[in-house]
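Since the structure of chain D is already known, use the hints to place chain F on it.
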Amino acid sequence: MIYKIKKLSLVLLILILIFSSPITALSYSYTQVFENVPPSILNWACPLNNWPIVTSSWNTPRDIGTNPHQGVDLSANFVNVYAVWNGWLTLVGYYTIRFQIDINNDGIKNDSVYYCDYYHLSQRNPQGYYNKGAIIGTSGNGGGQYDPHLHFGGVSSSTRWYRNEVNYRWTSNWNYGKDVDSFKQVEWNSNNTTAITIYFMDDPYTYISPSEVVIFHRKAGTSTWTNGGSMTYIGNYKYTYSFTGKYPAGTSINWLVRIKRSGLSVYSYCWAPAKYDQPDPNPNSTSYPYAYYTNTIN
Amino acid sequence: MRKMNRKIYYILVAILVLVIVSPFVASRLFATNGPWVYLGSEDYRLVPSGNGNFVVFNALQDIDAREIMEARNGIMTDSGVEIIPEGKNVNITFEEMRGRIIPALRFNAITLENTLVELSKKETFEISSPWKNEGQVEEKLKIIRLHLNDKDVLSEDEPEFSSFIPSPDNTKYLLERTSDLWLLEQDTSNMIKISSDTYNGKTYSELSAELQNYVRTKGLEGPATLWWNDNPMFSPDSSKIVYITNRDCMTGGSSIWIYDFITKEEYPLVKNRSGFGEYYQCGGWVDNTHLVARKYYQNNKVSYFIVDTNGNVEYLNIEGEYPVVLSVSDQGLIAYTPNYSESRDIMVIKLDQDVSSTELYSRIINGTLRSYGPELISPDGTKIAYLYAPDKEETSQNLVVADLENNKETIIERAPIKGTIYNFNWLDDNRLLVHTVIAVNGMNEISSWIYNIEGGQS
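Here the protein sequences come in this chain order: D and F. The opening position of the first sequence corresponds to residue 1 in this note's numbering, with each subsequent residue numbered one higher. The opening position of the second sequence corresponds to residue 299 in this note's numbering, with each subsequent residue numbered one higher.
Chain F with its partners taken away, still in its complex shape:
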């Protein structure tokens, strides 16, 4: 009898605890929490599109990827041969798996009220690409047209693997391949090749063969890729792109070229002094006519310069033993670390008209920088956000949001629940899309949040 009473007592206590605790858990999960708004245990990623579009899709989680692998694998034996059970189709495609083995692809708009609104597909169309893929089978791109407010946003049907490069004004999409560059205009459904077919009268194939031959005859270690128009980067007004090529540097190195959408012409911007082994990379546009570029030398030294659209070069004097530019904004801001191999400092400078600069922000970080992409500066150029690991061996990451006008900083150690901070994107000048990560059965599970810099309802 006594035992029975004790049992009932424990059950009552458990029910009481549940009643008291569950509203707290629920509120933490589903309601706003100070500056944080929980979007769900989904990896919501931004669809690559122009400025001011907050369309997200549900990216694959590790658990989904495992499901795909499970579907495409046989039973792996110790010796590495896979036993394929009768009737199993290990060649099942993504298209066949969507909505069955892995979640259906969904597109949502993030509203100004920090809610998600599911977007329906306005149109799905296929682009019959003029190129052939490696297997010489005609490759088709499936494009989804989404309607957001008064404009359209285009996405590839698997946006996670999209290589679309959208223009800031959301009117153009580029698709870059090693040998050519294609343009899809927002209001059309045809891709137009904008790269030239020849250089000095020679085609991609001819020059590529020449390059291979050069490498072989010189006994150099390859491979030797001919980049016709690598890493294109739109100007802020979407009127031009810059890109890297080595079609004019057959003995080593690369140069920077520019394509003007108005004149539909390309021209070299920074020519390589052939044979000197200089490699270039564009860092980003600081306004509509100037960009930051870097030059790598054979000895792995690097220098930075500002080049205008007429090809005038001014070297950029940024301090440090091994400075690396992390982020560039079109307000003329440059975020960099003076010694990349240490990554313990972060600086932000603003370029003046004469390429001199003013320091806006400088911090010695109590840890080391972590980065997932180039977007550190807010769209309006008033703030910077970055991640650092407080201890290099630790798995946690802190997020810092700093006001570049008054240097006021907020250090965010974690979201209210769901693990440690993983990465972030700027949504607008006061909101960040933040991802957190937690290991579940050895796999990363990503959750999505909005962080309101100006605070939020609690």
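Isolated chain D, as found in the complex:
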């Protein structure tokens, strides 16, 4: 009897191993972790002195930590951390500041709820209202990080990470903000051509080009995505795609871009617009609604 139970357990264990590994390897995550542009596009101050290097940009596919990266990493070796805008500092856990943005600077919490989170801090100032540029803490490696750095970025109340480059287009630093996000300014030009700028930042400080940029599109209101193939690289990390002749004038279309980074061992993609943690590379293979852009053909 005992022998039979042991045998059965062994068989079960083998079966679990056989079936669970491929599931793990092939499973995709539809947890919503990203938002698109923030509710208000404000000219944020640098959260550190002297515009340090971006060591990992928002929504960058990578092998460590959150993948794609939720937030922005900046090189910061136990230095002052500053308020990016006027707002209210609250403390979360042991190493995090959640800073509520006072969008219209009136000192009243009457705006859309919009935070900037600061992670891995070694010191945090007391809670309260701080003006843009005030010191609110000290960076560090809090939370068991190997390396002291500042992880920051705009988040919604449910901690979904916003695109940040729109807040830094006012400065010539960080390549006019482009360094902080994996994809930057998404353009629609009058000749029905879309353009998207893409490069990743990773340590050591380098611009990393994507290995593949594929566009999917459909007529608005339909459900199946057409794979439009690779976008055309026109230099300066910019990729374009022309919709001319693909849909009649006046058609409202949806489109999204799948971006691949080579050399990663697990999930290699990020998306524009970004929404889910690690969705299936084929948006037609699931019923989860991917985020997309909408334009009308001229």
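No wet-lab data here; the hints were simulated from the structure. You may find that some hints are simply not true.
To be verified - The calculated SDA-like cross-link candidates involving lysine to any residue, where the alpha carbons are at most 20 Å apart (straight line), are:
hint : chain 1 : residue 1 : chain 2 : residue 2
1    : D       : 109       : F       : 741
2    : F       : 491       : F       : 419
3    : D       : 238       : F       : 383
4    : F       : 516       : D       : 265
5    : F       : 438       : D       : 206
6    : D       : 219       : F       : 377
Structure of chain F alone, referenced to chain D:
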């Protein structure tokens, strides 16, 4: 008829009120007001330069930044794609915007009489940097040479984003990058690399790759930045700099090194006990041979010590549950708060020869400290100025100026007009450059003032 008379009456009253009130408004705007001198509704910031130079530039206001964003943005749709109108150049550069979309950059000297005198550019030159930037395009730095009295002051062409670190004697400027450190001497127009090319025979790239590999193989959460010479800090006599590096701590932590401009050599000052996860940061020089440094442990505990230029370490006994040094002056003064997470107290001590200390000032603040930078102590070490928020949820900030010899304090709640106090810098031993802020259409508008501690004409 009666209606008409009433109308005329109201108009006359309005004119009378205007006649009476306008001189007061004008005088408040343009004349001195007790200890206050109004410089204008500009965010005048000090150009980073050595001691005793009061050159300011007009920093961008929020409204200017919005103009830049407007120029570089398309029309943002709900889904996040931007429609670019025909002919719009969203890649317009700062250089193209200056004087057109945003105000031209102006440099002014603040005189001893509290006036602004516009400085003309003596020379503008480009440094063809020996490094390449991230996009592998040759990066050039534009430097402006300004003439102030009998000396020159150098500034980057966008001083707001300047990363120049000037020496106190105004003869040297450092430019720090993660991988190297460069020196521009005041009377030259070439940058010289002063950081070493290798450590233990390995280059920055080799050691950086080694560090990345270490982090990956250990399964640690990155990123892992190799700091070759981080946060350099000049000694008061400008003869040395100290900085942080982790090139000798590949398994975690950092150490403090020193570079001597006379011998042109660097050497480790405080070595990390490799693998113990100790991280160091320099707090400031207390004289030409001693500095305050702090050590962070993995558990986020912190301790302070004094280290001399020979590497001799003495632990600094400052009280408090979680003491944090706020400001250090080269007269041996240290301002700190005993419990940073509360920030309700501020203390100033003076170091003695044997690293014991004498308390000069101690206050329990009726609110919480606010800080924008490390310069709290006056250049001559006789006063301290600091900001606090009387109520943590309130938007106002009070400025305190305290005499460290007699502990006499002045609490300044606001400038005569133009909103609440925002931040300040010491100009000299008796004057502060104070900024005030007011929200205009949801954006901060900064104004600049001089506050005379000894009073002023009214």
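Cross-check of the supplied hints:
1. D/109 x F/741: holds (16 Å)
2. F/491 x F/419: violated (27 Å)
3. D/238 x F/383: Status holds; Cα separation ~18 Å.
4. F/516 x D/265: Status holds; Cα separation ~16 Å.
5. F/438 x D/206: holds (18 Å)
6. D/219 x F/377: It holds: about 15 Å lies between the C-alpha atoms, which stays within 20 Å.
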